[in-house]
Amino acid sequence: MAFTEIEYGVADGIATITLDRPHRLNAFTYTMRRELIDAFDLADADDEVRAVIVTGRGRAFCAGADLGGGGDTFNHDRSEEMFGGEDTVDGSPRDGGGTVALRIARSLKPVIAAINGPAVGVGVTMTLPMDIRIASDTARFGFVFARRGIVTEAASSWFLPRLVGISQAMEWAVTGRVFPAAEALQGRLVSKVVAPDELLPAAHALAREIADNTSAVSVAAIRRLMWSGLSADSPWEAHRADSILMRDFGSAPDSAEGVTAFLEKRPAKFPMKVSHDLPAALPSWPDNPYELR
0 MAFTEIEYGV
10 ADGIATITLD
20 RPHRLNAFTY
30 TMRRELIDAF
40 DLADADDEVR
50 AVIVTGRGRA
60 FCAGADLGGG
70 GDTFNHDRSE
80 EMFGGEDTVD
90 GSPRDGGGTV
100 ALRIARSLKP
110 VIAAINGPAV
120 GVGVTMTLPM
130 DIRIASDTAR
140 FGFVFARRGI
150 VTEAASSWFL
160 PRLVGISQAM
170 EWAVTGRVFP
180 AAEALQGRLV
190 SKVVAPDELL
200 PAAHALAREI
210 ADNTSAVSVA
220 AIRRLMWSGL
230 SADSPWEAHR
240 ADSILMRDFG
250 SAPDSAEGVT
260 AFLEKRPAKF
270 PMKVSHDLPA
280 ALPSWPDNPY
290 ELR
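If you count by numbering that gives the first Met the number 0, then the sequence shown holds residues 0 to 292, one letter each, in order.
Don't take every hint at face value.
[As the list claims (entries may be wrong)] Below 25 Å or equal to it, Euclidean Cα-Cα: the simulated SDA-like pairs (lysine to any residue) are: (1) 191 / 19; (2) 268 / 258; (3) 191 / 17; (4) 264 / 209; (5) 264 / 284.
Since the hints were made in silico from the structure, they are not lab data.
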């Protein structure tokens, strides 16, 4: 599949998605939105892909929405660049960043953000449904929406408080200030801050750990359990969900292989595939109605 505003590649079981508009600090457009959704579709459909890394080309991760449309940038009726002429989905408007965020949330593969520079507006909110965020010490973050006269988007009003707590989320969102990687680490927005030349190696080492040592279907199920559990009514509801999957996985080939490999002190060779071996009991999330294409 040909892309114009991102680059997509797969090597040794790791897919890398690179935001590729360095001349505009990888600013977000309708085209980038569509291409990101397509790239995650490719990653999910490819059983060889065990993890996804998302990063930016040049000195920025993503500087937010492309403001080239001026005052009408966020005007749904006038901004072709941001909304592509699309109006509503299932009877209501859907913001572009949100369609990307919800597609990432539904990923069957773990997603690692390698934040190489400024990540502002949608440039940071698109990372919230990613599973792990690693930042360069040159990265900067900003939930700047209140300073642009708009509101938090990309479902970040759901994701951000769950990741960093309501008080920290509110401080960043209502001030709209840009803050350094050290503060992002202290506030638990990122899990690690490294030197610029160590960023992609750190992300690849983490992805390699997943690809070399784990069951793909187990990882997909754990990812869905974890994210679904954030909105579970109680631990009893989570207990029910994971108990059903423990029963299903316990009699499956990957479980037998994982235990046998451990006892034989050898690397496991898990036979099951995400494309056709996911159990029916996996917690379900909405499909295409929330994805503008």
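*Please name the hints from earlier in the document that this structure breaks, with their numbers sorted from lowest to highest.*
5
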